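**Q** Working from the sequences, and respecting the hints, build out all of it.
Number of protein chains: 2
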Amino acid sequence: MHIEIQRKAEISLSKQIYQCIIDHIRSGLLQEGEQLPSVRELSKQLGVSLVTVVKAYNKLEKENFVESIQGRGTFVTTEMQGKVDTEQDMLSFNWQLSVQDYLPRSQFSQFHYVPEKIHLSSSMIDPGLLPNRYLEREINQMISENPKLLSQYGPIQGDEQLRFAMYEYLKGLEVPTKPENILVTSGSQQGIDLVARTFVGPGDVVVMEAPTYPGAIDVFRGRGATILTVPVDNDGMRVDILQNLCDKYKPKVIYTIPTFHNPTGAVMTLKRRKQILNIAQSIQSIIIEDDPYSEIYFDKKPPVSIKSLDEYGHVIYLKGLSKTLAPGCRIGILAASGSIFKRLLAAKSNIDLGSPLLTQKVIVPFIKSRKMKDHTKKLRTALKVRRDLVLSILSENAPSEISWIIPKGGLNLWITLPSWIDSNHLLVKVKKQELTFLPGSACYAVEHENHHLRLSYSYMNEQLLHRGITILCEILQSEISLKKEHNHPPYF
Amino acid sequence: MHIEIQRKAEISLSKQIYQCIIDHIRSGLLQEGEQLPSVRELSKQLGVSLVTVVKAYNKLEKENFVESIQGRGTFVTTEMQGKVDTEQDMLSFNWQLSVQDYLPRSQFSQFHYVPEKIHLSSSMIDPGLLPNRYLEREINQMISENPKLLSQYGPIQGDEQLRFAMYEYLKGLEVPTKPENILVTSGSQQGIDLVARTFVGPGDVVVMEAPTYPGAIDVFRGRGATILTVPVDNDGMRVDILQNLCDKYKPKVIYTIPTFHNPTGAVMTLKRRKQILNIAQSIQSIIIEDDPYSEIYFDKKPPVSIKSLDEYGHVIYLKGLSKTLAPGCRIGILAASGSIFKRLLAAKSNIDLGSPLLTQKVIVPFIKSRKMKDHTKKLRTALKVRRDLVLSILSENAPSEISWIIPKGGLNLWITLPSWIDSNHLLVKVKKQELTFLPGSACYAVEHENHHLRLSYSYMNEQLLHRGITILCEILQSEISLKKEHNHPPYF
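Sequence order for the protein chains is A and B. Under this note's numbering, the first residue of the first sequence carries the number 10, and numbering increases by one thereafter. Under this note's numbering, the first residue of the second sequence carries the number 10, and numbering increases by one thereafter.
Some clues are possibly wrong.
Identical copies look the same in the list; a pair holds intra-copy or inter-copy alike.
Said to hold, decoys possible - The calculated lysine to aspartate or glutamate pairs, modelled on DMTMM-like cross-linking and capped at a C-alpha distance of 20 Å, are:
1. Lys-351 / Glu-443
2. Lys-351 / Glu-41
3. Lys-157 / Glu-471
4. Lys-187 / Glu-76
5. Lys-53 / Glu-458
6. Lys-157 / Glu-147
7. Lys-380 / Glu-183
8. Lys-126 / Glu-183
9. Lys-180 / Glu-169
Note that these hints are calculated values from the structure, not bench results. As the structure is a computational prediction, the values presented were derived from the model and not from experiment.
**A** Set out below in structure tokens:
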């Protein structure tokens, strides 16, 4: 088990250990029945006092994550995973447990592919809204014209036609770049990973929004970064707080999702976009501008990208196409410049020698054609309808103790529960009714915020969406009433 | 520029700095005309004496890699890249040069995609030998039956059908595993990277063969590993030397290509396979068994995989399918077990949330059918013909000072030149005749071996192969004669 302690962090060491173990449990890296290292072992391994470890273990036990058995040790008791690793020959592999890894967290994997019927947990788009039939025709034609497509590696940087098509497409989004400054990645998750492995190492300071996209937290934590967080309000990242942090530390990387922020849906104002860039310039930091779906706006167009304001190569811009076009192709791009771009390109070669040519070629004609515009328009309309549906059900049925932010675009809705409701526990309950969401705790890099949840309204059709939100409201309603009636202790 | 010094290594610090800078130049990370840090800066950054840096710079200058200009500094002079970064706005991005990265080497990228006509530099297979037409039909059928294929993410672990098909296929290769212990990767390059990022960190000891696959060196170097090397003879890795190393250090990972070793073509004997596994068991190490093309044997079947001998989960087995089946799909698999597998799966989620579903589905029917067997048979025959052609041209035309190892399978031929010929310089010459090969130096993690080269006979048709090898022999012949006649100093 990899536990990383940051001595200069403002959180106590025992809290860090506590959080790390919870992360392991929630990431499926520590499973039901698995034994934790002994207090003595862990204190030795981390170079901390016995008391520090005992404190962390006690807190975990109090909150029912672990169970300590006299004379045997401490074991994971959580029922959150719902599945036990039943591999019979696990015993033969026991030596493996002593092999240290560099993997503190991989929470997202637990919520990405779920068996539940009403799947509100990850932001994907209903396949019925994606242009499968068009793409199908294009694939057939393309391959019959050029069957060698399957037998060739593409350039490591990505297919030239795709880079050119993306350059044109990005121009339409007011994201200026050049085909030679575009790198094709396997989804924007790989883009984040690429930047992290190239520029972030142990102890380097990375600033993230709180909350933020869990997949990015996992990646930066995996590099041993010191993560500092800045809260998000309706206008995006709180730049005043960012400024204070930057005065004190000097982050190497600032990661932001300025438009339809994931998970809150907030849109960073133009003013703040300019400020954040100014800050990065003054302290020579890299900004990662993650832009999964700025095209999907419901009212008015969002402000221009930070990248469009960038004169000196501070911004690495990431655009995923997987979600909005063809998840089966897993394509994203990264746009950057100068030596930063050059180094990212070299890193891409080390990662996988380039993304598959087939999946790149498949989407080129669509992106180049008018259809891309029509498709985006369609998504805007269809997702607005779903968002409105969710909002209306919530307004009618949600207990008054619940609040939410109205998203002006994107795929997600961020809900805040009363502080005594832990959304991880709530998830166990709603799963019994075949419903899932993303517990808010996955979206926090350092804070212990357990009373939020993210709903994605983009994947389910309206009928299932209706049912799902109604069920959620009912369960919340009943929990709150129960608490009010009996005023029972917060077992939640 | 990221320079990593290993104080416990047996190579002097100045040699390490020297090698690191050459790696940067050969990886295209330091380009013609770029300035090196000043001696003072670098000595401060690395915490070494001025003399150490001066020594390294002097050696680089003597060998014409850099040029120092009075009062201005030291600049890269090499002509190896053949291209200069002409980006005009490079100046605006000068602040980027002070951004430290974690990317010591990415040599392979320079040889992967080349404009030269006679491309003997990377081991790919002639597209004319790959089953494009079959796959084309399968794609068309599959997509028309299930257009939603494009609009879905697959499981992070990989498509179930593909994992089952690979399980059956691997059974045929005597590589026992289970579908649930298979992880689909984007080529085996990603498999190596996955293991490295999960289990290898700064200072961890990794053992590699010398020479070995450059892409693996790049990845382990990028993790800050301490790399120790073991030479390869006709029977594979020298296990006696490995044993000595393991007695002294205790490598966390042993990386090997036991069958048709890349680049030498050597096949590890069964006895050594057993020994290497015993060693790993005794010191609780992980073995990465990279198996790009054990199916491509020319005479008799190679010995069984190390994985098939593995009882306690020490072996992580990697199988690429890109080269031998469909490079355009970039599919490979990784087979492992126990907690090691579980952690690799979690890491895959952090890397890219899973490989594209489309490229996975495309190859399933082919792998499951008889065609896969026939295809492999065809490759064996066709590549044997090409190997024989190369061997016969070499026997007839190569100067007697040149030697080579006869490969009994795989795609590569390893040539040893007289020690005064540097194959990096030779490459510059042959490129003028539209020919490329892989300079042997790329295949060494720590040694300074410049008088080898790797030819891949699998990509070019017989006509171009004939021409390429003939040209190479002519150039070598003329260089050697010239040296003999004039006994001129080894400018090579």
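**Q** Using 20 Å as the alpha carbon limit, work out where Lys-187 and Glu-76 are close: within a copy, between copies, both or neither.
**A** neither (57 Å within a copy, 33 Å between copies)
**Q** What label fits Lys-351 with Glu-41 when the C-alpha limit is 20 Å: within, between, both, or neither?
**A** between (45 Å within a copy, 14 Å between copies)
**Q** Evaluate Lys-53 and Glu-458 at a C-alpha cut-off of 20 Å and name the case that applies: within, between, both or neither.
**A** Neither, since 30 Å and 43 Å both go past 20 Å.
**Q** Could you place Lys-157 and Glu-147 in one of the four classes (within, between, both, neither) given a Cα distance threshold of 20 Å?
**A** The answer is both: 16 Å in one copy and 14 Å across copies each meet 20 Å.
**Q** Since the copies are identical, ignore which copy is meant and state whether Lys-180 and Glu-169 lie within 20 Å (CA to CA) inside a copy, between copies, both or neither.
**A** within (17 Å within a copy, 39 Å between copies)
**Q** 20 Å Cα cut-off: does Lys-380 pair with Glu-183 within a copy, between copies, both or neither?
**A** Cα proximity of Lys-380 and Glu-183: one copy only (19 Å, versus 49 Å across).
**Q** My question is about Lys-157 and Glu-471: at a cut-off of 20 Å on alpha-carbon distance, are they close within one copy, between copies, both, or neither?
**A** Result: close only across copies, 19 Å inter versus 42 Å intra.
**Q** State whether the alpha carbon distance between Lys-126 and Glu-183 is at most 20 Å within one copy, between copies, both, or neither.
**A** neither (38 Å within a copy, 39 Å between copies)
**Q** With identical chains treated as interchangeable, where does the CA-CA distance between Lys-351 and Glu-443 reach 20 Å or less: within a copy, between copies, both, or neither?
**A** Neither: 47 Å inside a chain and 26 Å across chains, both beyond 20 Å.
Violated hints for the displayed structure, listed by number in ascending order: 1, 4, 5 and 8.
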